[in-house]
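J.: Chains as they are written, first to last, in numbering that gives the first Met the number 0: chain F, 0 to 307; chain X, 0 to 270; chain V, 0 to 386.
Any given hint might turn out to be false.
[Unchecked claim] Distance condition first, Cα-Cα at most 20 angstroms in a straight line; then the derived EDC-like pairs of lysine to aspartate or glutamate: (1) Lys46/X x Asp203/F; (2) Lys182/V x Asp111/V; (3) Lys298/V x Asp322/V; (4) Lys298/V x Glu286/V; (5) Lys145/V x Glu258/X; (6) Lys115/F x Asp166/X; (7) Lys166/V x Asp131/V; (8) Lys115/F x Asp9/X; (9) Lys123/V x Asp111/V; (10) Lys145/V x Asp9/X; (11) Lys46/X x Asp143/F; (12) Lys192/V x Glu174/V; (13) Lys192/V x Asp180/V; (14) Lys298/V x Asp309/V; (15) Lys268/V x Glu368/V; (16) Lys110/F x Asp9/X; (17) Lys126/V x Asp108/V; (18) Lys192/V x Asp111/V; (19) Lys298/V x Glu281/V; (20) Lys360/V x Glu346/V; (21) Lys37/V x Asp81/V; (22) Lys145/V x Asp108/V; (23) Lys266/X x Asp108/V; (24) Lys110/F x Asp203/F.
[Claimed, not checked] Computed footprint of chain F on chain X, listed as stretches where at least three residues anywhere in the stretch have a Cβ under 8 angstroms from a Cβ of chain F: (25) 49-59; (26) 89-102; (27) 199-212; (28) 219-228.
Derived by calculation from the structure, the hints in this document are not laboratory data.
These numbers were taken from a predicted model, which means no experiment stands behind them.
Even glycine gets a Cβ: it sits at the ideal position worked out from N, Cα and C.
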Amino acid sequence: MATVDAPQDLPTGAGTRRPRRRLTGYWLILPGALWLLVFFVVPFYSLVASSLFDPDGSVLTGYEMTWHIGNYWDAFTQYKGQLGRSLLYAGIATIVCLVVGYVLAYAIAFKAGRWKNLMLVLVIAPFFTSFLLRTLSWKLILADDGWVVGVAQAIHLTDVLNLIGLTTTDDRLLATPFAVIAGLTYNFLPFMVLPLYASLEKVDVRLIEAAGDLYASPMRGFFKVTFPLSLPGVVAGTLLTFIPAAGDYVNAQLLGSTNTKMIGNSIQSLFTTQLDYATAGALSVILMVIIVAAVMIYVRTAGTEELV
Amino acid sequence: MSTARRWIGDHLVLGLGLLVLAYTFVPIAIVVLMSFNDSSESRNVYKFQQFTWDNWLHPGSWADGMAGSVWLSIRIALLATIVATILGTLAAFALARHRFAGRSAANLIIFLPMASPEIVMGSSLLALFVSTSIIPLGFWTILIAHIMFCLSFVIVTVKARLSGLNDNLEQAAMDLYATESQTFWRVTFPLVLPGIIGAALLSFSLSFDDFIITNLNSGQDVTFPMFVYGANQRGVPMEVNVIGTAMFVISIAIVLGNEMVRRRQEKALAS
Amino acid sequence: MSQLDEATPPDRVGAGGTSRDLRLTSLTKEYASFTAVKSLDLVVPQGQFFALLGPSGCGKTTTLRMVAGLDIPTSGTISLGDTEITYEKPYKRPVNTVFQNYALFPHLDIADNVAFGLKRRGVKDVKRQVADMLELVELSSQAHKKPTQMSGGQQQRVALARALINKPEVLLLDEPLGALDLKLRRGMQLELKRIQTEVGLTFVHVTHDQEEAMTMADTVAVMNQGVIEQMGTPIDLYENPRTTFVANFLGQSNLIAGEIEGRDGDHVKVRVQGAVASVPGERAHSESGRGWLGIRPEKVLIAEAGQPIDAPGDVITGGYVTDVSFVGVSTQYQVRMPWGQELQVFEQNTGARAMLPVGTKVDVSWRPEFAFLLDASQDAKAGIEEE
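Bound-form chain F, shown alone (with noise of 0.2 angstroms):
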């Protein structure tokens, strides 16, 4: 099949010559494919090794290489408390962005009109500011003497947070579970609204009107056609809030206390504070087998083969 190819010198000759095969689709993506083999997949290797160090090592002394698989006991069992944290922490926010970020999704798909590009360039612009200092603004709007804090404690929202947990006992709204999952909610809601967005709008509303012509109210017709079809959307967003926002510290760091630290945070200062090398790679290597394994437990339950 003839296609547009990079320029090919074929003989020109009576134009009886049959055309040779290409190899141009592999010289196109060979930088590309061994950047990302050389700096993705071959760290990986180097992370496991790492966490295999004896954990005595050091930058002074030098690591070494033990097999040390002890080292992935002794991590789980002293960091056990940030890693179901991190995944508490990360599913709640990702229930949360669902919730939220279809709404939207669903408003710009079906009710936006001729806004619909304006309202989708609005869901990113929010990035085109430092990631810190929109988290940091959060400080500001969570902070103690904050109008929201009153209002919270006024409607005791407080209290009722207090109850299952997500707060301290001082009424605060800062260093508490709550800001840390208030701050990965937001965060990451972006990351669900435009996957739900992409799946929705494919949807062809007549399937919608269809439901309501067979006599089913939108309430129903929005859980039995609706949602279905926008589900390769919701496992999509879904996948892209959960494991980033899992391993994410910042959060944590700016927004909570010593009792929020998630995974992330453990990872960081042992790579960098303490310079455990092998605590903090079996750590990380911990996290992604969680990660991969939920992920593919949910895809498999979710049944949905494409992400688009």
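Starting from the known structure of chain F, fit chains X and V onto it as the hints suggest.
T.: Chains X and V in isolation, oriented as in the chain F frame:
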């Protein structure tokens, strides 16, 4: 009465959606606000105290290292964008237009960085750099890492644009006496260009804004996000918000400007 | 890189004085799972309006693409006069294509689209030629619009202009009128025919619409599953089909099973359900065994049982009307014959006689010179389009 209810019902979702959108902008508003904040009285409290133009008008009074960190971030973002866009565009063409073995493996390797937690990617790169000890941690390691994760986004963006193009167009061009090279430069490239530009912009913002991976692999160098994070302990200087606001305004200006140019073109053609 | 050697169209007659006919010899295109084109032999004389007609999947578009150079044949040759172009790149062939979905360049305006081929060949005086061509297709005022701002009919004319302006030796049209509504299509059919006659180029028009092919083409080739079933003028194909496929694909046919009794002078006699019908020798495509006696519905005369029929030929009695459709110009009857088969009869509404109501007992008749005889081994349902 029921017409009012109907109206509410019809517009409920839209209203909620707009509410969510407004919510996403609240922190931005705060960034802008805080850029005018005078925090000299109590450094450690992140709170609006007094209005001042100083942060904007006197760059000389900016905290030490902030300007340097911004400059570093810009340099890295520019370089990473250029490299990632070139490599990524080539790869996107390969995936969208050519046949080769190992395509699904390639797709997997490209997709994974977008879905992996940054802490894991950063950790593994750090492990690599430290164990091979070829490149010292600093500018070059940061750059390498940025190119790595920008590549995936560029490839996906350009590939999407490319797949959407009707390949009949290229056949039509060749039918009309354009050689492969002419077909590429006169038909394919102009049509893919918007995708490439979009990918480049995306790449730039991803790189400028990256923190987690950068923090692990930066050695002694400090990028802008790292500066902000570090300052959090000592008391954030308000001028960081100036940078944040400036970035936001510039980006919005680019997007809106692009939109206006497009609208003006369409108007001219319709007349 | 040499494209076309001259900016002006190549000489119409080659060095040896032979005309530049398009010649396909044993052209084959095989894919992994099926064969799209099976050893096709075809000659399109220079300057003709040629139609390649067939249902979807028959291989006509594949054939067209091979002539254009967009697909590479598995075997066989394609030549223009003495020049073989089988494996030449598309940009080296003096052949242009009007694509089914127009394939207009969205980032160029109309004038640039039309000028595209000229510019690639380095022609001078582009502006004037483009202006002339736009005038020919009546789009001069739209020259600076983009394709997306134009209607389907306008886009189609741009696609045509873009191809025509290069004065190719062969212009290929891949179902170009498919997306247009009926009225527009009729108009464009006449336009295309007029333009072709005016400029004298060879047009090869691929379509599944048999009315379109018959209206426009000098010669029609009917393709089915990779082979040409029959080729000839529209009248030939219609009045004297050689296969059941052609008989059913072009218009409609009544096919009645019969026993061939053999030749009788210049006719062939067929025993059909008790009666004996005769078919002129040149219209009989089988001489022994079982056969299909074919007769077009508009050639069948109908009258109430016992009533005299105008100019009768072979007659069959004993049928009765099961369905009547008034179609304005004609009345279409379905007549159930004694052996169970329903025959189609189209009668022009001349007003000479009132419509026969359902249930009327009728005799049917036709002139033998309109009948044709086909081999019984062929499928009587071949070529009937599923609605």
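J.: Hint compliance check: list the failing hint numbers for this structure, sorted ascending.
T.: 1, 2, 4, 6, 10, 18, 21, 25
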